[in-house]
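**Q** These two chains come separately, so use the hints to put the complex back together.
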Amino acid sequence: MHALRPAADWFQRHPRLALALLLGLPLGWMVVVYLGSLGALLVQSFWSLDDYTGQVVRSFSLGSYAQLFSPANRDIVLRSAGMATAVTLAAAVLAFPLAYYMTFRASRRARLLLYLAVVIPLWSSYLVRVYAWKLILAKEGVLSWFVAHLGLDGALQAVLGLPGIGGPSLSLSSIGIFLAFLYVWLPFMILPLQAALERVPRNLLDASSDLGAAPGQTFRRVVLPLALPGVVAGSIFTFSLTLGDFVVPSVLGNSSYFIGQAVLVHQGTSGNLPLAAAFTVVPMLIMGVYLIVARRMGAFNAL
Amino acid sequence: MTNAAPAAAFEQATRRYGAVLAVDHLDLEIRDGEFFTFLGPSGSGKTTCLRLLAGFEQPDAGRVLLAGVDVTGVPPYQRDVNTVFQDYALFPHLSVEENVGYGLMIRRVPVDERKRRVAEALDRVRLGSYGARKPSQLSGGQRQRVAMARALINRPRLLLLDEPLGALDLKLRQELQVELKQLQREVGITFAYVTHDQEEALSMSDRIAVFREGRVEQVGTPSAVYEHPATEFVAGFVGTSNILRGEAAERLLGRQGAYALRPEKIVLGEAGAAPPPGQRAFPGRVVHAVYLGLSTRYLVAIDGGTTLSAVEQNAGSARDAEDAAGRAVTAMFDPAHARPLAR
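Protein chains in written order, with the working numbering: chain A, -9 to 293; chain B, 455 to 797.
Hints are supplied without guarantee of correctness; some may be wrong.
[Said to hold, decoys possible] In silico SDA-like pairs for lysine to any residue, Cα to Cα no more than 25 angstroms straight-line:
| hint | chain 1 | residue 1 | chain 2 | residue 2 |
| --- | --- | --- | --- | --- |
| 1 | B | K588 | A | N193 |
| 2 | B | K569 | A | R211 |
| 3 | B | K625 | B | S749 |
| 4 | B | K569 | B | V528 |
| 5 | B | K588 | A | W0 |
If you are wondering where the hints come from, they were derived from the structure by calculation, not from laboratory data. Note that this is a predicted model, so its numbers are computed, not measured.
Just chain B, with the same shape it has in the complex (with noise of 0.2 angstroms):
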């Protein structure tokens, strides 16, 4: 898999709507069999590089490659990669059936191999005995389903997911993303997937492209991309961060420059405890706390200036949140745990 060549790839790729540079010389690669996840707000030009890849648009300078062949110019069906949309974009007026056999149809494949390979298909997304509705018929959990099976049923080399699960709400969410991964396992094909939601990205990816202003903030996996962010964007975008920088970098790391300090690495203690080894400690007061359930988020002022937030996690019995307001606390935190940024 590593001498292959990479299953999609961006050389230089601009893209420009009037004034707006929705992406920017970019250069990337996606590597055969990953779930690669372009992770970043909106109109920072995740979208745009998914339709760069399908065809839907044209660099207007740079070249788009799939499997090592350029295919820049190539209009979207004659690649070889399927995608699935945002709303599903299932046709109205077909069956479930129909819509899964489209791409079948089209290629005039025979009417017995396409009845055997939808129905396949549709038992591989357990709407087996969903054929014969239409999409109008069928809750929001099904329709993404039937658009999963709409595309891989022409086994594309590479699949496009743009924000697929972004209609449904929050507990289908979590659940279609396991299916999603385990279908990607199972059938093997390369996935490029965009979101916004970094959980999303964190919890299904091979590994994550951070976009912003149609730039390529940072690449990695998603402990890479979480454990050491390189960028203050990155460090804010994927999670939650403190930013140290100048003074405040000085006194409480030591060290000069900007870094990040993510809230779980900071522990917090009654007021005049003292720190494991190799830990720093500073005393401070609760500004704020917020009660999230699993785990309580604390934002507290240090003695001398900087504020930071902290989280803890609720296991025994949790600190009431709400009376934690003013209460006084020992932050301390492993100075490793700061990573530096680029800029």
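Extracted from the complex, chain A is given alone in its bound form (with noise of 0.2 angstroms):
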């Protein structure tokens, strides 16, 4: 007889127990260090910074909300709340053609080819790649020398002469930043959406056609609404990491500030901790609106 015999036998007449056992790590790990952090987050969030001292006031204050809603914080909001939206819809678009080509037509290998070709930029450092992208898309850059050779100098200036999101180069530009948002997180779209896609039993497909939908109606009446989860998931991983990174838009675009930035400044240079807090709450409380929004709108019916 087996040597851990009498252990299973044990836990299977205390079954409580050996879920404790099982579960009580992991639980911990997310209680104390998700949730704990979290909490400590929020609370911090509504403290306030003396002005004169320099020293974080733990009273309850809504004045780093207040602050929030100054003209300069507004528009970091805005900024990067904008920006993880143009990010997040174009990942989106860009990722359920590739995704629905791996999972319905791909043949298994090249499935797997373009799934490694999906993953393997995450093996190489972050870091490394954001850099990368500067020197494409610096003015003497490979892109703009590509852009040049194809004659479209014109069209390239006359985009980056947009208000707003032009600039110096595409590199020193909001575009710059946003092509390099879409680079880096684009996997963490096409991902979740190729797993929603896998579950969508092929017989639903053959069904639809078999009623009289045409390939586009199909898409639109069954694909897709059994898609969403899938799309909602990958669109919370890209909107919520544009909304948290600062490594990006200060490497690349103009000096202007996003959420990561402030929060980093506020809570480095300036020591404004609930300040910080606040900021970000904002993320937080945008992808709760966004969830409760897709719940209303039915994109989990097919869970």
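**A** Rendered as structure tokens:
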């Protein structure tokens, strides 16, 4: 008889204890590290900073939140949220055809190769890849060289001349930030989307076609609704990763701040932990509202 | 009905998967209004035939015709056929009503008419009050009926059914077999039905095509296929048969060639019993007996070599199957019941 048999028997007779042992560590980690730090963050966002002493005042105050609505901070929030929205939409549009092809059309081999192509960039350092984009997008960089050879220099200049998103070069513009964000976060949209499509039974596509639906109608009526949880999952990644990032907008773009940088500066340089905490609550609020709206619209009905 | 074009036809239709010939130069006609069954073991090509009719697959060679029109290469959504899938393929994100009304919605049938017809279709399958539910809230039998309603509401010329009762338990399956057959008579639509269950095929079909390795072994009415199996495969797949060939055929039947003799055609009498006129009798010994409730199946070793399978109804007081082994018996049968086999 196996040496572990007595232990197994004992656990069999004490299922609750077995469960406690099994879940204790991961659950403890979740509660203490995740929820605990989240709670600490929330509490700190309601403290305030004494302007004269520079000390954190540990009493309830909505001051930090009020500060969020100052014109400069409001711009940071809107800029970050706008960028996150743009990146998420673009990622969804780019990821859908690829994930669809991987799932329904590609051979096993092609699917594996595509999967590797999506994942491999994640193996290299994120910093290196962002700096690579700085070189690609620089005024004398690869992209402008390529554009010039296509004879599209005028078009590039016109785009860079656009107010708000333009700049002296791609690497110093919001467009550059957008491209780099889109590049680094795209796999986080493709993977959940592909997983969601993988779960769509093929015979539902047959059934839809059998009932007279042309491929476009099948896509809209069957594939899209069933893939929606995947899109929502992917957009949570791309949206929150963009909102929280401080590396891309500090390497690329002009010097206008994003939320990530604001958090960094407030808690590091100026020691204003309450304001930094209030800033981090913003993405959480946005994601919460987004999930509620998605649920109301039936995005999770297929789950 | 006799001079109408067949509801569906295959002409030298061939479908390959890599090196495997799933359907091999098939010629077959499904008559208008009949309940036609594709019967065969898994991998015999019967489901591929259905997929060729639906348009999910296209033949590598040959043609597929629906109502006399060549539909080879026509996509499923342009064919006047509907399918009931093996696992129903109900849309999980849509309600029962929306599932049933899907075809009408796609064809832009006005909402009023759509509602009326969906309600009718659900009533017909006795699910009138289940319209607002999701498929996940239904039992297997209910899902099956939703799948039927979703297909029939479109009034197709031809309804394709891919083992539609395969996932249900025996009792429910038998109930739905009767229901399906009644439904087919009511709506008057041609049914093309795929199953590997020979009992199901025999009880429901007007005609059966028995498939083996992508080819049709035999086409005929249930009684023709059962009583006159054309090949050894059919004799063994549709019911069971004693296959007599070579020396056994000569000794038991006095004939050359290969023959199928159904176990229920063999009557077991007491040892030394005299056969009725026209029948032959052979002394033997029961080797094994299996009590099946309705009947008892005996394996009888005929003196001199051959072993025959015989089935007796347990009418009256059944002899005890457990005591039967070793008993000396006389196996009697009419040699006319031994049907010659093609191969």
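**Q** Hint by hint, say whether it matches the structure.
**A** Here's how the hints hold up against the structure:
1. K588(B) - N193(A): holds (18 angstroms)
2. K569(B) - R211(A): holds (19 angstroms)
3. K625(B) - S749(B): holds (19 angstroms)
4. K569(B) - V528(B): Distance of about 30 angstroms is beyond 25 angstroms: violated.
5. K588(B) - W0(A): violated (43 angstroms)
In summary, the numbered hints that this structure violates are 4, 5.
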